[in-house]
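Enquirer: With chain Z fixed as given, assemble chain G onto it according to the hints.
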Amino acid sequence: MRKMPDNSQPDVRIFYANTRFEQMARRPGGVPRQKAMAQAQAKIDELKSGFNDWLDRELRQLNDALAKVENDLNDNASLETAYRNCAQLQSVCAAMGFELVTFVAENLCKIISTMMSGAAYDKDIVDCHINAFLLAKTDQYRAMSPEQVPEMASGLRRVVELAGRNSVRKSAAMDE
Amino acid sequence: MKNATVNLRNLVIVVADPSSYWRRAIYGILRSFGANKVLEVEHSMDLIRILSSQKIDILIVDTQIHPHNWHKLTHMIRRNATNENRTVPILLMSNDTSERIVKDARDAGANMVVAKLMSPNILYDRLCWIAFNPRPFVDCPSYFGPDRRFKIEGYPGGVGRRKGDKIIKVAEEVGPALAQNDIDSLFKAAKTDAQDA
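Going down the list, the protein sequences come from chains Z and G.
Per the working numbering, the very first residue in the first sequence carries number 1181; after that it's consecutive.
Per the working numbering, the very first residue in the second sequence carries number 101; after that it's consecutive.
These are computed hints drawn from the structure, not numbers from a lab.
Please read these numbers as outputs of a predicted model, since none were measured by experiment.
Treat the hints with care, as some may be off.
Computed footprint of chain Z on chain G, listed as stretches where at least three residues anywhere in the stretch have a Cβ under 8 Å from a Cβ of chain Z [what the hints assert, rightly or not]:
no., region
1, 105-113
2, 117-125
3, 154-163
4, 182-189
5, 239-249
Facing chain G, from chain Z, some residues (calculated, C-beta under 10 Å) [stated by the list, open to error]:
no., residue
6, Val1192
7, Phe1201
8, Glu1202
9, Arg1264
10, Gln1268
Ideal Cβ placement from N, Cα and C applies to all residues, glycine included.
Chain Z extracted, bound-state conformation (with noise of 0.2 Å):
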């Protein structure tokens, strides 16, 4: 049998907020959507021509910080900001449709992050991961597909497996 909606519920409060922003947007004299769409795709136009500053910026401040976990391996704000940049270099990258720097940020994210749970700092594989980069961002590579540099690819993949076991293999023998 079909309930019946429950009508003692005198603690739900159901109502319009008719917020400023409802308001204030409905107003008329707003940006036409034509003109709003022009001048906001000159914009984005003039930012990707500062992208290449920006990805210098990004790297240069993963390089840093990545160089200051390499002198200490217990500064673990510097292991997280290092990740930050990383996860930005990633998610700006993808949506600019950059796919191989995607790749090489998405992997050392994998690694950064196996390094926060406890794995040891490799020095070479950071180091293997920024000489990726520095070839990923170049005009050349940067819209690249990872299957279109199988070895660059499989290798980055299989230094992230091998971190992934060894940060595995260490917890195992914390645990005991």
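Expert: Relative to chain Z, chain G alone:
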């Protein structure tokens, strides 16, 4: 909605994103839409400071915001009964728009989730949607936020739980999809197969 125009002039819009690149992109897009009061925020601490010191009109926040995560922030905004920004529209930006994220965002009280790369068109559409399709707020012990029901295709278990829930009329039965003879022949064939085996 495709032809609607939003007027963002004098509305206080906060863009909270740890990435300077994204902040600049969203800022530029919003300015192109006519917004003249856009605040950029890098960390959740700054966002909390703004939320507790001034009235804002819309919040566009990325899921990678830190040190407080987006879920905690959204919850904090919605559950604070004394904050004047409690009902502010919250638009969540994310690279990951999996069902899990969308559900979490909805249950935390966000108005919408948009995928990055957010094109100007999509952002404009979402702003129009929020402005022209206001959703009621639900305030109950376990949830405060915009109504999570976008469209009603039936209640869970067939029963509406709210006072205003009406019985939903489903499509009327128009007779069996198969004629009785067809149904009989299907059973007959199955029976014969079983006997053969």
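Enquirer: Run the structure past the numbered hints and jot down the numbers of the failing ones, going up.
Expert: none
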